[in-house]
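Trainee: Sequence:
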Amino acid sequence: MLSPIQTGSVVWWRNGRYLVASVTDRSVAICPIEIDPCPRHRADVAPDWFEALNLRIDSGSVIRCVPFGVPVSSVVLAGGLAFNTLMARVQLGISKEVQARAFEDA
Numbered sequence: 018m019l020s021p022i023q024t025g026s027v028v029w030w031r032n033g034r035y036l037v038a039s040v041t042d043r044s045v046a047i048c049p050i051e052i053d054p055c056p057r058h059r060a061d062v063a064p065d066w067f068e069a070l071n072l073r074i075d076s077g078s079v080i081r082c083v084p085f086g087v088p089v090s091s092v093v094l095a096g097g098l099a100f101n102t103l104m105a106r107v108q109l110g111i112s113k114e115v116q117a118r119a120f121e122d123a
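Counted from 1, the sequence shown has number 63 at position 46 by my numbering; the numbering is strictly sequential.
For the record, the hints were derived by calculation from the structure and aren't laboratory data.
Warning: the hint list may mix true and false statements.
[What the hints assert, rightly or not] Listed next, with one range per pair, are the computed distances between beta-carbon atoms: (1) S90 with P56: 17 to 25 angstroms; (2) D53 with A123: 30 to 38 angstroms; (3) R118 with F67: 15 to 23 angstroms; (4) D75 with Q108: 29 to 37 angstroms; (5) H58 with N32: 16 to 24 angstroms; (6) V115 with S91: 36 to 44 angstroms; (7) F120 with S90: 29 to 37 angstroms; (8) P21 with A123: 39 to 47 angstroms; (9) W66 with D122: 35 to 43 angstroms; (10) L70 with A123: 38 to 46 angstroms; (11) V87 with R118: 18 to 26 angstroms; (12) G77 with R43: 28 to 36 angstroms; (13) D53 with W29: 15 to 23 angstroms; (14) A119 with G77: 28 to 36 angstroms.
Beta carbons: idealized from backbone N, C-alpha and C, even for Gly.
All chains, full assembly: derive it from the sequences and hints.
Mentor: Spelled out as structure tokens, the structure:
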């Protein structure tokens, strides 16, 4: 049976909400959704008010573009699905963070 979880879904994992950056049949790469972080991280992408409403998250929340993998069976849908424009910004944020970390490690 196919999982209803897809790229752009908001899911619950442990005690927080996360945005699915990618999904396979066995695992998901998820990015944390942080509420009013202070200070902000360079990998943070802030949804506009309409995107936040669509994702069912607070308007001050950001998506921290530092994904990590977990088994797909360990996450639960929380409702909300990101628009393609937001997912494009998240994917760009992930790429920039990967490049920055590669530069720092070199």
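Trainee: Now, for every hint given, state plainly whether the structure supports it.
Mentor: Verification of the supplied hints:
no., hint, verdict
1, S90 with P56: 17 to 25 angstroms, "violated (35 angstroms)"
2, D53 with A123: 30 to 38 angstroms, "holds (33 angstroms)"
3, R118 with F67: 15 to 23 angstroms, "violated (31 angstroms)"
4, D75 with Q108: 29 to 37 angstroms, "violated (23 angstroms)"
5, H58 with N32: 16 to 24 angstroms, "holds (19 angstroms)"
6, V115 with S91: 36 to 44 angstroms, "violated (24 angstroms)"
7, F120 with S90: 29 to 37 angstroms, "holds (36 angstroms)"
8, P21 with A123: 39 to 47 angstroms, "holds (41 angstroms)"
9, W66 with D122: 35 to 43 angstroms, "holds (37 angstroms)"
10, L70 with A123: 38 to 46 angstroms, "holds (41 angstroms)"
11, V87 with R118: 18 to 26 angstroms, "holds (20 angstroms)"
12, G77 with R43: 28 to 36 angstroms, "holds (34 angstroms)"
13, D53 with W29: 15 to 23 angstroms, "holds (19 angstroms)"
14, A119 with G77: 28 to 36 angstroms, "holds (30 angstroms)"
When each numbered hint is compared with the structure, violations occur for hints 1, 3, 4 and 6.
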